[in-house]
Every structure is written in C-alpha cells, then in structure tokens.
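**Q** Make a model of the complete structure from these sequences and hints.
Single-letter residue listing:
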Amino acid sequence: MMRRIALTLLIIMLASGARPAAAERLVVSLSNHRVAINSNFVGEELVLFGTIEPDAGKTGLRSAYDLVVTVSGPRETLRTRRKQRVLGIWVNVDSREFVRVPSYLAILSNRPVAQVANPDTLRRLQIGLGNFLLPQRIGPDIADTVGDDPFRRAFVRLQVQQGLYHEIAAAVTFLTPTVFRAAIPLPADVPTGNYAFDVKLFADGAMVARTNAALDVTKAGIEQYVADAARDHGLLYGFATMLMALLTGWIASVVFKRD
Amino acid sequence: MQIYLPIADMPVNIFLVLGMGLAVGYISGMFGIGGGFLMTPLLIFIGVSPAVAVASVASHIAASSFTGAITYWNRRALDLALALMLLGAGILGTATGVWLFTTLRALDQLDLMIGLSYVTLLTVVGGLMIYESVRAVMRARHGLPATIRRPGSHTWLHGLPFKVRFKRSKIYVSAIPVWAIGFIIGFVGAIMGIGGGFLLVPMLIYFLRVPTATVIGTSMVLTLVTMASATVMHAVTNHLVDAVLALILMVGGVVGAQFGARTGQRMRGEWLRLLLGLLVFAVGLRFAFELVVQPDDLYSIRYVRGE
Numbered sequence: 001m002m003r004r005i006a007l008t009l010l011i012i013m014l015a016s017g018a019r020p021a022a023a024e025r026l027v028v029s030l031s032n033h034r035v036a037i038n039s040n041f042v043g044e045e046l047v048l049f050g051t052i053e054p055d056a057g058k059t060g061l062r063s064a065y066d067l068v069v070t071v072s073g074p075r076e077t078l079r080t081r082r083k084q085r086v087l088g089i090w091v092n093v094d095s096r097e098f099v100r101v102p103s104y105l106a107i108l109s110n111r112p113v114a115q116v117a118n119p120d121t122l123r124r125l126q127i128g129l130g131n132f133l134l135p136q137r138i139g140p141d142i143a144d145t146v147g148d149d150p151f152r153r154a155f156v157r158l159q160v161q162q163g164l165y166h167e168i169a170a171a172v173t174f175l176t177p178t179v180f181r182a183a184i185p186l187p188a189d190v191p192t193g194n195y196a197f198d199v200k201l202f203a204d205g206a207m208v209a210r211t212n213a214a215l216d217v218t219k220a221g222i223e224q225y226v227a228d229a230a231r232d233h234g235l236l237y238g239f240a241t242m243l244m245a246l247l248t249g250w251i252a253s254v255v256f257k258r259d
Numbered sequence: 260m261q262i263y264l265p266i267a268d269m270p271v272n273i274f275l276v277l278g279m280g281l282a283v284g285y286i287s288g289m290f291g292i293g294g295g296f297l298m299t300p301l302l303i304f305i306g307v308s309p310a311v312a313v314a315s316v317a318s319h320i321a322a323s324s325f326t327g328a329i330t331y332w333n334r335r336a337l338d339l340a341l342a343l344m345l346l347g348a349g350i351l352g353t354a355t356g357v358w359l360f361t362t363l364r365a366l367d368q369l370d371l372m373i374g375l376s377y378v379t380l381l382t383v384v385g386g387l388m389i390y391e392s393v394r395a396v397m398r399a400r401h402g403l404p405a406t407i408r409r410p411g412s413h414t415w416l417h418g419l420p421f422k423v424r425f426k427r428s429k430i431y432v433s434a435i436p437v438w439a440i441g442f443i444i445g446f447v448g449a450i451m452g453i454g455g456g457f458l459l460v461p462m463l464i465y466f467l468r469v470p471t472a473t474v475i476g477t478s479m480v481l482t483l484v485t486m487a488s489a490t491v492m493h494a495v496t497n498h499l500v501d502a503v504l505a506l507i508l509m510v511g512g513v514v515g516a517q518f519g520a521r522t523g524q525r526m527r528g529e530w531l532r533l534l535l536g537l538l539v540f541a542v543g544l545r546f547a548f549e550l551v552v553q554p555d556d557l558y559s560i561r562y563v564r565g566e
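Residue numbers (my numbering), protein chains in the order written: chain A, 1 to 259; chain B, 260 to 566.
These are calculated hints, taken from the structure and not from any lab test. Treat the hints loosely; a few may be bogus.
[To be verified] Here are some of the chain A residues that sit facing chain B, going by a computed Cβ distance under 7 Å:
1. 81
2. 124
3. 137
4. 174
5. 189
6. 223
7. 237
8. 248
9. 249
10. 252
As the structure is a prediction and not an experimental result, all values here were calculated from the model. Backbone N, C-alpha and C define an ideal beta-carbon position, used for all residues, glycine too.
**A** Written as structure tokens, this is what we have:
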C-alpha cells in the first residue's frame, strides 16, 4: 500500500515537474580500472573523467556545480605511537589503534571543501580529512574522536607526509560547466587492493547527485610472484633465498679465484 | 634506475643499493666481518622498514660469508669442529632471537630494542678495540712486537668441566664457554640483523685463545650458518625477507668483499683493528645520538594488520 503511494507520488513528481527542472545524473569513467605494480613502478597519476547530465526527461541544468571525489583504498588497522623521554632516551610510551581505516584516502574537489557546503553537511557526508570517519579503539569501544584529538591529528599528518592521505582543493577541474576531470595521485608505495571512488555533486551547498567507481591495484609479474611466495610459502621462500645467497657467494669465489 | 621491492613495498634506486652492497662488502672483506651492523642502518636510512631491513640483510651476510668461508677452506685456515659446536648453540640462539624479535614487534618496542642493542654493543666493542689497538700501535712505535699479548694462558674459563680438544686450532677448552659464545652470537644476530663477526672474532681470540690463523675462517662458517638459518626463520615467522633487495645487496657485497680482502691483507694487523674499532664505535655513537636527541616527530605509525 505504502509502496504504491510512494510510487504514485514519484510518477506525479516526475510528470509534473513539481521541483525545478534540474535533476542531474553523473557519468564517470576512470582512465584505468586496474593499476599494475611491476618492477619499474614509481607511482602514477590516475584520471577520472565525468560529465553532468540532465536526468531522463529533464533539460535544465544549473549554472554552477561543485564536485567532490573521495577515493579510499583497502582498509587496514594501524597503530599510532607517541614517543616520550624516559630515563634520557626516547621511547614509545603511548599508542592508539586506528581500526579498519583506509590505507589510502584522497579527498579531491574543485575548490576548498569548506566552501562547497556547510560544516554540518560536510560532517554528515564525511567530506574532508577532518570529517572522514577514522575509528580508534578506545578501551573496549571503537569510535572516532573529535577532530583535534592529538593522536588523530598526528595520524592524519603522518599519512599526508607519506603521500597516502590527500586533500586537494584543485584536483578537480571543470573543462566545460558540465565536463570535469579529477587527477588522483598514487604514490610509489600505494597499497594494493580495491579502491572505492565516491563522486558527489553539489549545487548551492546541497548534494544533488552521487555515483561510484572502483579501481583495482595489484602487484604484477615478478613482484606479485615474490610477494605471494613470501606470504604463502614462507619455508620454501626462505630456503630459496638462502640457496640464492649461497649460489651468489660461490659464483663470486669462482670468478675471483686468482691463486 | 628504479626497481620496486615486493616485500619492502617501495621503489629504490638499483645503483644506490648496489653501491651500498659494494661499499659494505669492501669493508667486510677488509676486516673479515659480515658488515651487517653497517648495512642494516643504511637500509633503514633509505626508508626500508627496520623489520624488513634486519630480515633481508641476513641473506646478504650469508652470501658474503660463504665466499669468505670457501677461500679460507681452500687455505685450510678453518676449524670445522669448533665451528660446528659454536653452530649448534648459534642456531638455538637464533631461534630465541627470532622469537623475541616477533614478540617485541608486537609490543611496539622493537625499534628501541634494536637501537639499545646497537648502542651498547658497538660502543663497548668499538671502545675496547680502539684501546687494544692503540696500545699495540704504541708498542710497535717503541720497537716492541705488536702482536696481542696473551697474559697467562689459563683463565677461569679453562677450569670449567666438559673439556673438548679442537685439533685445527690447537686448543683444549671447556664446551660451556663455546656454547655460550655461539648462543650469544646467534641471538644477537637474529635481533640486530648482524652476523656478529665483529663480536665473535674478539671473543674467540680473547676468551678461547683461538689462534689468529683459524679465527676468521671459523667465524665465517658460523656467520654463514646463523645468517642462513636466520633467513629461513625470518621468512617463516615474519614473512619479511625481501628477496629482490637481498639479491641486489649480495651481488654488490660479494664483489666488494673480494677487493676488500686484498686491501686488508696489505695492512698491518693493529692498524686494521684500530680502523675497525673506530668504525664500530662511530656507528654506536650515531645510534646513541638518535636515542638521546629529541626526534623530529614524536609520533610514528606502525602497520598492525590488513583486511
């Protein structure tokens, strides 16, 4: 019953254009859906292209849009440690575990996110490094802390220094009012796994459309072979490395044998 | 030319790593040591995580000590019986070391433990070597024989039971200090990613009175086996041995070691010991400096687990 009413309402809205004739649809595509890390990988810049299209049956588009792309890499648990001087030497005394946080996180927009929407909206949609949910293990609970928690600040700062977390206010460029491109920097030590792209379109401080894309980062060729062997066949891998060492040593003593 | 390291998960310049292997190999050939105490800090300095550096350097030392051991074997300057007994204890020590390494890593205190071990061992051993070799140099200046004096050929160590005779080295000692030395070397090697040659050689000379002729060859066999087994154990328990990194290091290392050995043979013994002592002491001071001076960043991140 309820469903039928809702459906009817929707049809009426669509047919009569009860709202302004603007309803957008996002169409995006990545320059590459799979990034292969091989022996000469030194990092890469990925490009996401997209257009803003009027929704079926609609024609009107607004004059100005904002676009925010959130890229999050495979989740991992990390520990942030703090050093303190104990008996004259610097020792890790305190630590906090960040549970299932993205190993890579990029928040890319066409202008500073603070100008895109009001703080409440940004927090609700987790836009910006300060608003993205980074759960910590605090005693038995797992929760995100306030933005100015020293461990959270240090964690984000270190990840930014490592090139793993980004907040770039000029990474999205509008080629025409409706065609955009976003540049995604992948560092040389980019974690392998699945990357989720969350593309949000804003107009006048409100989200009007949203879409997703995905990317796979994998080791390829010899890199993958070695990494898999080390993880899955530790004993065999260890013996192989040891034999390699003995062979290298033996070859050298044969090559350099003079007397 | 950059190459991506599959376990360290980072690209490095292949020529830089090859050069590091050559340089450390040269020093190790010159002094008859593995050179791990130089290589591990160098790798950490270029950004390899301490755990991967320690695990990968083990195989590099295995390679360079194998070259050395073959050379000494051909010259019959190697006491296999003594080496084998040291080894039995060395493997036990390595296993204990790898276990402690894993435990400390879980407790976030691995970096501290590695740092403290380096400072203590390197400054003490380096200091003692400098003291001993400076005295030897002074004696040589005054026209006295510069060889190490061996006051009173018997110490309390020789009073211990379970005596064993080692023919090639011409010594008759208790098995207890032999096992203790082997265990310490294996243990320290696994924790610090060093072969322990710079520790073993003085220990064999001063405690067991092993003659200089067989000491380096014997030390190399021990280093070879402890480091080879450390490679396997690190690969099994921590999955942190980077075979690509190890290969580049060992190729540079074995070549450098051959040239270093030639330079070393042309130098006078006491000067060689003084130089090595200074080097060991300097590396120790550098580690002490790092522990005492406030780090640039008080915070650091450690990987716990993936999905």
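**Q** Does each hint hold? Answer for all of them.
**A** Now the hints, each set against the structure:
| no. | hint | in the structure |
| --- | --- | --- |
| 1 | 81 | 5 Å, holds |
| 2 | 124 | 26 Å, violated |
| 3 | 137 | 10 Å, violated |
| 4 | 174 | 34 Å, violated |
| 5 | 189 | 5 Å, holds |
| 6 | 223 | 4 Å, holds |
| 7 | 237 | 5 Å, holds |
| 8 | 248 | 5 Å, holds |
| 9 | 249 | 3 Å, holds |
| 10 | 252 | 4 Å, holds |
Hints 2, 3, 4 from the list above are not met by this structure, while the remaining hints are.
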